[in-house]
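Chain A is already provided as a structure; the job is to place chains B and C on it using the hints.
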Amino acid sequence: MSAAPALLEMRQITKEFPGVKALSDVSLTVRRGEVHAICGENGAGKSTLMKVLSGVYPHGTYDGDIVFEGEIVQFKDIRASERAGIVIIHQELALIPELSIAENIFLGNERARGGRIDWVGTNRRAIELLRHVGLREDPETPIKTIGVGKQQLVEIAKALNKDVKLLILDEPTAALNEEDSAHLLDLIEGLRERGITSIIISHKLNEIERIADSVTIIRDGRSIETLDVAAGGVDEDRIIKGMVGRSLESRFPEHTPRLGETFFEVQDWTVEHPQVAGRLVCKGSSFHVRRGEIVGFAGLMGAGRTELMRSIFGRSYGTLLGGRMILDGREVTLKNVSQAIDAGIGYVTEDRKVLGLNLLDDIKTTTTAARLKKIAKHLVVDRNAEFAAADGYRRSLRTKTPSVEEGVAKLSGGNQQKVVLAKWLFAEPELLILDEPTRGIDVGAKYEIYGIIQQLADAGKGVIVVSSELPELLGLSDRIYTICEGRITGELAKHEATQENLMRLMTTTGSAAGRAATPAAGSTGATAAR
Amino acid sequence: MRRITTIAVAVTAASALALAGCGRADEGAANTGSGGGSTAGSTGGGTAGFPADSLIGVSLPQKTSENWVLAENLFKTDLAGAGFKTDVQFANNGVAEQQNIVQSMVTKGAKVIVIGPIDPAQLGTQLQAAKDAGATVISYDRLLSNSPNVDYFAAYDNVKVGELQGQALLDGLKAKKPNGPYNIEIFAGAPIDGNATSFYDGAMKVLKPKIDDGTLKVVSGQTGFKQAATADWKGENAQKRMDTLLAGSYTNAQLDGVLSPNDTIARAILTSVKQAGKPIPVVTGQDSEVESVKSIVAGEQYSTINKDTRKLVKATVQMVKDLQAGKQPQVTDTSSYNNGTKVVPALLLPPMIVTKANVKEAYADDPTLSKLTNG
Amino acid sequence: MKHLKAVFGNDTRQFGMIFALIALIVFFQVRTNGLLLTPTNVINLFQGNSYILVLAIGMVLVIIAGHIDLSVGSVAAAVGISVAIAMRDWSLPWGLAILFGLLIGAIIGAWQGFWVAYVGIPAFIVTLAGMLIFRGLNQKIGDSDSIPVPNGYQVIGRGYLPEFGPLTGYNNLTLIIGLALIAAIVTGALRTRRNQRKIGADMAPMWTVVVRLLLICGAILAVTLLFASGRRGTSFPVSGLILGVLVLIYSFVSSRTVIGRHVYAVGGNKHAAELSGVKSKQINFLVMMNMSILAALAGMMFVARSTASGPSDGVNWELDAIAAVFIGGAAVSGGVGTVVGSIVGGLVMAVLNNGMQLLSVGADDTSIIKGLVLLLAVAFDVYNKSQGRPSLIGRLTSGRRDRPAVEQPAPADPARNISETVHTEA
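Protein chains in written order, with our numbering: chain A, 1 to 530; chain B, 1 to 375; chain C, 1 to 426.
Okay, chain A solo, but in the shape it has when bound:
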């Protein structure tokens, strides 16, 4: 494999933004027919490198050369790189929800004769492309009705239609459940067999270990090393070592829980879907949290984890049909989010950019947003106190930013998540719910965030962690609940839980046992979660 000639060579790429050197002398060699992974912490420069490659940053705005198929190329925009056969699929999918699968595949590239779209040809070709990516759907199905996993496949089909030579996938599995992820990885392997070279950017090291032929590690805007995975001997720890510049003995900080009494309890919690009357997203769920305890919630996407948590958090999702909530021995009714915050509940949302952050805000205002009255006198914000509080969290959480006056939009994912955590630490919750707290975050930042979560528990607070990554739950939680189809299906203490028994409980729902394990249920579930 390593004998194959280079398809792409990026030589000494340097890219500067005002005041920041995002890339310095980065070199990358991708051989024809391989799957090449790029790893690095968030903010290391992976996305910038790909934007240079795909012409988002046109020739002339960076230094260094790009050699593609043996020739120096100078792309002036994305269309130019696409013409050369380089297609990038971004983390945020570029599909139009109201249009059909076929229309999306041929968007901007319509099959038409004299301005009239040739629908027969379009659909025939779409079916062919869909078969290549293993998607059995009617090409006239609207995009919005299929799950994210399938949408990802449509994106790839769209790329295939463009006669792709080099396919770049930016975090392709970040939003997918295990099923869809596995399917996608299979597909990438299939494309390799058909001679299509891929670059995959991912934080999921196990995936890289599984499909990548080689991996290039980028750290702080420099290319550190390229490892030959296919030759063997490269495992997750080896990659992590390259990414963080040191070996992590453990991916989780040492922690001995100090458990106190049960202070939060939910009984028979039943929630109806906000739009679809009669559809229950939580079915009589009961659970409890002790002080100092980290409680994990495992479930497939669409199982109702987020819905349950948001419903608890001031009924911010769905219609509450029944159930009791007991906080510190008293039954409480929290009708809205501000009541929930006042009662001492915090909720870190799963989708940072859509639900968690106002990207127009700076770090300072974000930090205080959930409990502004703490630094306000008679509704007037004390800006000195605000600065001091935000700066305190910047230092204690080691947020990488020159100042808390910077906008949150400029931060990398990990640092954004730290700001979100700062916001909820500032609100001083007794119970903090974290929904996918490390999604899209690199290993180094994950470690730090785990540390923060554990410290919070040690301070006597209760913590709930919802996560799709079972190793994360296993490493972090003192106790784990599993959810399937809106029902709590199991409760395991740390020492009892394994990936296998969790997965079994996550896909079992009494009478409907096993149904959720089918791919179809998985992806429709994912749609329902949206």
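Keep in mind that the hints were calculated from the coordinates and are not lab data.
Heads up, the beta-carbon is just placed ideally off N, CA and C, and yes, glycines get one too.
A portion of the hints provided could be inaccurate.
In silico DSS-like pairs for lysine-lysine, Cα to Cα no more than 30 Å straight-line [what the hints assert, rightly or not]: (1) C:K279 with B:K234; (2) B:K160 with B:K176; (3) B:K176 with B:K371; (4) B:K208 with C:K370.
Covered by chain C, per the in silico footprint, the following chain B stretches (three or more residues, Cβ under 8 Å) [stated by the list, open to error]: (5) 99–112; (6) 115–129.
Just chains B and C, lined up with the frame of chain A:
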């Protein structure tokens, strides 16, 4: 804090540069007003006269009819011909803009300001400022109200216009069909324009008795001013109303005549009738607009009124000249034009009815229209 | 140039709009042979535009919250005619009439706010309906006629501060207001400096602070004298004073209070705001209601200046107010904008209008030029944003960059430190 300072520095640094300011010396024209209240009584002043090259401001309403455009040109040339500096401006964006325009004329030190108001009641503050600055105000075509600071009024006799329109409608109907009853409809002008009321009142003075005795029949029943009014004098509004009337009241009945307050509305009515495929009724008008004169010559529109803008502008410019020379301008009526606070001395010119019969001699002196009537 | 930067701060670009305004003023001052900056004209400029600027204050909040209000002109007209009738037919004293007008504004605002916030109909639709409804109400109530208003009431549109005290050759009250403003700015600057020292931020060299203060105070003094030196009986106009007080209140509320924060939060990301405990419905309701109250005030000020309420009052005002807000750096998508920026935007339009009228430029050309200015100002801002620079106009007055960050060495172990933070905060 820095924000306020930022703004303050900037805005005011410039002002500081330019500020001649020392005490209340730069009052310029304002030397007549020794205090806020001493304004009454000095109306009709101008006995002192002023330099012959002074600035004369002319503030006209929206550019909605040919006549205003003609007036603009005439004022510019006639005033400049008399040696004055001129500033003639339209206020296409409405009352607020006209307020600012009049105000800026005062600032520029205009000695006489001729105003054809959009809303005659809403210029009180600016008229006060003009008075304080010693400027003379001539109300042109429409009478400024709600202010004592109006010195003269120059216009055509609008009640007379209405009477002529009413009479023309009757004559036209009779010429078409010797005996009634006749089916007619009534259109009036913009509800905020005092002149529109005058036209309507004048016309109804003639028509009302005939409606009462059954000679005339308003099929739609819409005879009140508010019902007949046309917002903003706009042709499109009149056309919409006519469309509605034709569809509602004249599917079977024959429309014999329409009272229209001016030419723009008259043509809109004719357009509507033609589109509906109905025979052309007797339609009155006013203003002698080019298109309407053509229409009269062609036998479509029945009549218009010749309120020659040239004559009115000429008379107004003569007033300005008299004021400049320190003479009392000539007026024809010192009793009937009360604007709500005072009786304004008025110079009224007589209007003239024009039909196909007299169209040639009516416009004999008019360089543009005479071509149409001769051709 | 270096010294200029030292005085104005390190980011000269953020002064763009203000420099544009100054350039306009200088240009017209020269072209009109000094007519622009005469006491009479500056007073007129304020009197003739304060009602639009009052609308811009409300409009910027509406736009920050992610909405638009097309009904302001009609609301202003409906309130204006109601107040005029109340004074004429019910002999309501003018002071009460103003309160009555504000009350009508509040009721109209509650009506529109209800549909926007609680029923969830887009503000564009609700206020488009409002535009028709309240225009019709104005014409129905006033019978499409102009209704004069009494002299006492006219003070809020065309009044001046009283003359009192010794004969200084100036309006004494205007002088006092100017001096008070200078005093406030100097003490404010000193307090900022003290705070900077306290939290250990980088401080500008003393001389730049002094030069800046001298410039500002000199400028304020100049403007004060300009207003105070008009014909006896005139002064800084009452309508300008109303506007000034509103600007101070609303910029404080928008930038320094919890409610202001929440308006920005709802406009920036409604979902995130709701999940942070912001009651977005309440905020939307308040913002729409506030707009109608300010529209009522603007309408009443205009009627006072016009000495009568008419059926075409308020036509196209919404467009003037919206233009001012966007020239002032607000974003169509919400979440961005400042009160002071919008006032500057409004003043740019006002000076442009006034200057061209003084130059006898026709209404048609004026309209074309104003349209181009609006387009270019916003295009310039968008271009700046696309270049990754901070929005020029938005940054202009954002005041969120008061202090440079205090860079301190990061502690070795984040975990140790967070526990400290958690404990101290708890």
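Outcome, coverage hint (the region 115–129 of chain B, chain C; C-beta under 8 Å; three residues): holds (count 10)
Distance restraint between K279 of chain C and K234 of chain B, which requires alpha-carbon spacing of 30 Å or less: Since the Cα atoms of K279 of chain C and K234 of chain B sit roughly 47 Å apart, the hinted pair is violated (cutoff 30 Å).
30 Å Cα cutoff - pair K176 of chain B, K371 of chain B: 28 Å, holds
K208 of chain B paired with K370 of chain C [C-alpha distance capped at 30 Å]: Outside the cut-off at roughly 50 Å; violated.
30 Å Cα cutoff - pair K160 of chain B, K176 of chain B: 24 Å, holds
Stated coverage of the region 99–112 of chain B by chain C [criterion: 3+ residues, CB within 8 Å]: holds (count 8)
When the structure is compared with the earlier hints, violations turn up for hints 1 and 4 and for no others.
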